[in-house]
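Protein chains in written order, with our numbering: chain A, 1 to 266; chain B, 267 to 519; chain C, 520 to 790.
Where hints are given, some of them may not hold.
Listed next, the stretches of chain B that the computed footprint assigns to chain A, with coverage defined by at least 3 CB atoms under 8 Å from CB atoms of chain A [stated by the list, open to error]:
{"no.": "1", "stretch": "324-334"}
{"no.": "2", "stretch": "339-350"}
DEER-style ranges, computed between Cβ atoms [to be verified]:
{"no.": "3", "chain 1": "C", "residue 1": "Arg777", "chain 2": "A", "residue 2": "His159", "range": "19 to 29 Å"}
{"no.": "4", "chain 1": "A", "residue 1": "Glu61", "chain 2": "C", "residue 2": "Trp782", "range": "54 to 64 Å"}
{"no.": "5", "chain 1": "A", "residue 1": "His159", "chain 2": "B", "residue 2": "Lys373", "range": "27 to 37 Å"}
{"no.": "6", "chain 1": "A", "residue 1": "Leu65", "chain 2": "C", "residue 2": "Ser577", "range": "45 to 55 Å"}
{"no.": "7", "chain 1": "A", "residue 1": "His159", "chain 2": "C", "residue 2": "Gly626", "range": "49 to 59 Å"}
{"no.": "8", "chain 1": "B", "residue 1": "Lys373", "chain 2": "C", "residue 2": "Trp782", "range": "56 to 66 Å"}
{"no.": "9", "chain 1": "B", "residue 1": "Val280", "chain 2": "A", "residue 2": "His159", "range": "53 to 63 Å"}
{"no.": "10", "chain 1": "B", "residue 1": "Pro372", "chain 2": "A", "residue 2": "Leu251", "range": "29 to 39 Å"}
{"no.": "11", "chain 1": "C", "residue 1": "Leu600", "chain 2": "A", "residue 2": "His159", "range": "36 to 46 Å"}
{"no.": "12", "chain 1": "C", "residue 1": "Ile616", "chain 2": "A", "residue 2": "Val243", "range": "26 to 36 Å"}
{"no.": "13", "chain 1": "A", "residue 1": "Ser103", "chain 2": "C", "residue 2": "Gln682", "range": "47 to 57 Å"}
{"no.": "14", "chain 1": "C", "residue 1": "Arg754", "chain 2": "A", "residue 2": "Leu254", "range": "47 to 57 Å"}
{"no.": "15", "chain 1": "B", "residue 1": "Glu273", "chain 2": "C", "residue 2": "Leu689", "range": "58 to 68 Å"}
By construction, these hints were calculated from the structure, which means they are not laboratory data. Every residue, glycine too, gets a C-beta built ideally from N, C-alpha and C.
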Amino acid sequence: MSSNEGKIIKKSASLFSLKKLMHTSPFWSLIFWALVWELIGRMGWMTLLPPLSQIWFAFIELLELASFWDAFAMTARTFGIGLGLSIVIGIPIGVLMGISRRSDKILSLWVNLFLSAPITAVIPALMPILGIGDATVIATVILFSIWVVIIDTQAGVTHVQNSLVEMGKIFGCSRWKIIIWIVVPAAMPEIITGVRLSVVRAVKGVIVGQIVIALIGFGGLFSTYLSYFLMERFWALIIVVFVMSFTIIGLVELLERRIAFYAKSR
Amino acid sequence: MSDIILETESIGVVYQQSVVALENVSLNIPSGKLTAILGPSGCGKTTLLKVIAGLIEPSTGIIKVKGQQITGPGPDRALVFQDFALLPWATVLQNVAFGLRARGIPKNEREETSLHYIKEVGLSGFEDKYPHQLSGGMRQRTGLARALTVNSDILLMDEPFSAVDEQMRRKLQEDLLNLLKIERKSVIFVTHSIEEAVYLADQVVILSGRPGSIADIVYPEIDRRGDIDSIRRQPRYIELVDEIWGSLRSYVE
Amino acid sequence: MSDINNQKDTQDIDNLGTGIRSIKSDVLIWRIFSFFLVFSIWEVAGRADISIAFPPFSEVALAFVSMIFSGEFSEAYADSLPPLFIGLSITIIGGVIIGISIGLVRGAEWFIMPLLIIFQTAPVSALIPMLTYIYGISDTSKVVAIVILGMPLVALNSYKGIQATNPSLLEMSESFLASRLNTILFVILPSAQKMIFAGLRLGISGAFIGIVLAELLITPTGIGDLITYNRFIARYDKMFATIVSILVIAGLTLGFMRMVEEWLFPSEKNN
Numbered sequence: 001m002s003s004n005e006g007k008i009i010k011k012s013a014s015l016f017s018l019k020k021l022m023h024t025s026p027f028w029s030l031i032f033w034a035l036v037w038e039l040i041g042r043m044g045w046m047t048l049l050p051p052l053s054q055i056w057f058a059f060i061e062l063l064e065l066a067s068f069w070d071a072f073a074m075t076a077r078t079f080g081i082g083l084g085l086s087i088v089i090g091i092p093i094g095v096l097m098g099i100s101r102r103s104d105k106i107l108s109l110w111v112n113l114f115l116s117a118p119i120t121a122v123i124p125a126l127m128p129i130l131g132i133g134d135a136t137v138i139a140t141v142i143l144f145s146i147w148v149v150i151i152d153t154q155a156g157v158t159h160v161q162n163s164l165v166e167m168g169k170i171f172g173c174s175r176w177k178i179i180i181w182i183v184v185p186a187a188m189p190e191i192i193t194g195v196r197l198s199v200v201r202a203v204k205g206v207i208v209g210q211i212v213i214a215l216i217g218f219g220g221l222f223s224t225y226l227s228y229f230l231m232e233r234f235w236a237l238i239i240v241v242f243v244m245s246f247t248i249i250g251l252v253e254l255l256e257r258r259i260a261f262y263a264k265s266r
Numbered sequence: 267m268s269d270i271i272l273e274t275e276s277i278g279v280v281y282q283q284s285v286v287a288l289e290n291v292s293l294n295i296p297s298g299k300l301t302a303i304l305g306p307s308g309c310g311k312t313t314l315l316k317v318i319a320g321l322i323e324p325s326t327g328i329i330k331v332k333g334q335q336i337t338g339p340g341p342d343r344a345l346v347f348q349d350f351a352l353l354p355w356a357t358v359l360q361n362v363a364f365g366l367r368a369r370g371i372p373k374n375e376r377e378e379t380s381l382h383y384i385k386e387v388g389l390s391g392f393e394d395k396y397p398h399q400l401s402g403g404m405r406q407r408t409g410l411a412r413a414l415t416v417n418s419d420i421l422l423m424d425e426p427f428s429a430v431d432e433q434m435r436r437k438l439q440e441d442l443l444n445l446l447k448i449e450r451k452s453v454i455f456v457t458h459s460i461e462e463a464v465y466l467a468d469q470v471v472i473l474s475g476r477p478g479s480i481a482d483i484v485y486p487e488i489d490r491r492g493d494i495d496s497i498r499r500q501p502r503y504i505e506l507v508d509e510i511w512g513s514l515r516s517y518v519e
Numbered sequence: 520m521s522d523i524n525n526q527k528d529t530q531d532i533d534n535l536g537t538g539i540r541s542i543k544s545d546v547l548i549w550r551i552f553s554f555f556l557v558f559s560i561w562e563v564a565g566r567a568d569i570s571i572a573f574p575p576f577s578e579v580a581l582a583f584v585s586m587i588f589s590g591e592f593s594e595a596y597a598d599s600l601p602p603l604f605i606g607l608s609i610t611i612i613g614g615v616i617i618g619i620s621i622g623l624v625r626g627a628e629w630f631i632m633p634l635l636i637i638f639q640t641a642p643v644s645a646l647i648p649m650l651t652y653i654y655g656i657s658d659t660s661k662v663v664a665i666v667i668l669g670m671p672l673v674a675l676n677s678y679k680g681i682q683a684t685n686p687s688l689l690e691m692s693e694s695f696l697a698s699r700l701n702t703i704l705f706v707i708l709p710s711a712q713k714m715i716f717a718g719l720r721l722g723i724s725g726a727f728i729g730i731v732l733a734e735l736l737i738t739p740t741g742i743g744d745l746i747t748y749n750r751f752i753a754r755y756d757k758m759f760a761t762i763v764s765i766l767v768i769a770g771l772t773l774g775f776m777r778m779v780e781e782w783l784f785p786s787e788k789n790n
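Bound conformation, chain A alone (with noise of 0.2 Å):
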């Protein structure tokens, strides 16, 4: 074999080599790992992993529950609302936080506290105070999303440029056209980041919420289909989970993009 020969024939290898494959889109290792639980699920290894395909009928199936739609709207209707909630109290405490040395340190210790804490012990105690509904969930909600937006407010408007404020002092703005003509646009990208990150803290509230009390929502399905062991059932809802929670993050990444534009000239 002439060396020619072997050098196309190395070339020919390496075009299927891993190394082109890992260079892709990490896309493709998701279709990787679905192809790997469709084949696991299929040999039957573990009950409790049903072939992908399987889980996608299932999927089909929930889709005409009224338990799935109800539990959605439970679920969507808590989230909107304690995510709303989270964000229309969080960014003013931030502002404050932000331009009050005062309440920042009073605040902070707390703000701190709670932004690391196992907000999820706290759930118990709720129970019994705002029943096993909506208000529970909603507090759940609030309270694993708030302190992100809170610092991050704070973080953005204590970075605010010296000169922006002292422009807006030079051409007569009062305190609040400066703080909300200048400060808040300026700190909006930090704003939005921390909207961004509350709105995965949100997720995961809403959720374990409903799981802790188990009787409504998504949480009380889980419930349900593991005792009866319907596992199809369960992987399509964590998947119609994992999804609405990908979506949304993705809506919100859309937005923080749209405002970065002048984050970097600053």
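Please arrange chains B and C on chain A, whose structure you already have, making use of the hints.
Only chains B and C this time, still in chain A's reference frame:
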């Protein structure tokens, strides 16, 4: 002899009871002329400008504008910033109109006024651009246009061309002189460049540092009526730059 | 002449962007005041008859102290702490190793990334009820719960830390002919340190959520039992006290982690 539009009387600024930034600075700023405040880094010249702007309250002394004492920022003084201080999410037009918007001027009127000054500083065609799309020189023109829209008698400029490259800087200096021929403003211009001070100013106040106080006041008396290009060739210009550098050296070394 | 608000009102706006940070002795006083303020509000709110299930601060404090001395806490934690400790160790050590490996080995990223992203953003807690079916009602279930909630966060952040190494530092290392091992030890790891510790903090938080969920859902022994039992007999003061004890332990662990980070890598950026 022109009128005095602004006076500083014995201005002193002390931080945290021990650091003396400015000491006994008394100045007269003539109306319609450009006064440069010149000094090495850290001599307190920006602090002085901010006191005059009303952003910093002096520990001692007072500022008077047209005979009246001032206590803070006012419509009589506009500031052009070293780092441009433009709103990054707003277009050039919106940025220039900001001062007017703060005063409650309705949209049509303020856009009209802004467009006029955008043209005057040479930014026509860039009204809808954002700061991140502009060069340093263009950003500063925006800041200048903004300062002009509010029609203050006094224009304060804090090392406005220092964040810009050399060629652009020269152009901006020339354009400023041309602009001042049209707009009759009293300008206080802070700089650390001797050349810039002599080139632009009718009065150069030299500040020495630590503590910041007036070392000397020089009157360039350079003929700027004619061709601006020839200024840097005038013997008087070259002499003065040397002279001032000579006396400043002792403070820098 | 324009009139601005007097100096005191604008003082707050003045401080904006100046980066002025408070002095250390000041902070302690404010912290104590803050505690006092919150506990007072709690006391008042508790007595305000909002709900029978919301006891005032004093009752909870008393219950807390009594439970320490009665041994209820020590008994319960003796049950709950071992799996927590094991789970935390696996989370920390395993997480950092996996994260660093993915960052360093060029092939690994492609395989592991989707898994890590899923585990980080999706509500993994939904899987916890399923653990009893695999591992039964046991400490193993608890450890697994802790690990699946905590480790991905540690691993992902360690990975990001490695990825974020300044390319010019890598070039520098190469130009000085440093071996791969030396580059890893002296350039990459130190520069990744901050993100690794951020990941540890997130992972530990996640781990605590894991243990709480495990206690509440899988098997109410130890701490979980204390909570559910006291709620059942309507001793809300004890229930709250137990919850507070969990929060305190989580807080102390995180605080300890912060101290370790400070000790290992002192930074000047502190206020």
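Against the structure, the hints:
1. Figure legend: the stretch 324-334 of chain B, annotated as covered by chain A; annotation inconsistent (0 residues with Cβ-Cβ distances under 8 Å, at least 3 required).
2. For the stretch 339-350 of chain B, the assignment as covered by chain A holds, since 10 residues bring a beta-carbon within under 8 Å of that chain's beta-carbons and 3 suffice.
3. The supplied range of 19 to 29 Å is met by C:Arg777 and A:His159, whose beta-carbon atoms lie about 22 Å from each other.
4. Range check, A:Glu61 to C:Trp782: about 56 Å between beta-carbon atoms, so the 54 to 64 Å window is met.
5. Distance hint check for A:His159 and B:Lys373: the Cβ-Cβ separation is about 31 Å, which falls inside the suggested range of 27 to 37 Å.
6. Checking the proposed 45 to 55 Å range against A:Leu65 and C:Ser577 shows it holds: the Cβ atoms sit about 49 Å from each other.
7. Under the hint 49 to 59 Å, the C-beta atoms of A:His159 and C:Gly626, about 39 Å apart, miss the expected range.
8. Our hint of 56 to 66 Å for B:Lys373 and C:Trp782 holds, since their Cβ atoms are close to 58 Å apart.
9. Between B:Val280 and A:His159 the Cβ separation comes to about 28 Å, which falls outside the hinted range of 53 to 63 Å.
10. One distance hint, 29 to 39 Å for the beta-carbon pair B:Pro372 and A:Leu251, holds here, with the actual separation near 37 Å.
11. At about 41 Å, the beta-carbon gap between C:Leu600 and A:His159 stays in the expected band of 36 to 46 Å.
12. Separation of C:Ile616 from A:Val243 is about 30 Å and conforms to the stated range, judged on CB atoms against 26 to 36 Å.
13. Between A:Ser103 and C:Gln682 the C-beta distance comes to about 37 Å, which lies outside the given range of 47 to 57 Å.
14. The beta-carbon spacing between C:Arg754 and A:Leu254, approximately 49 Å, falls within the hinted interval of 47 to 57 Å.
15. Taking 58 to 68 Å as the suggested C-beta distance range, the pair B:Glu273 and C:Leu689 conforms, at roughly 59 Å.
In summary, the numbered hints that this structure violates are 1, 7, 9 and 13.
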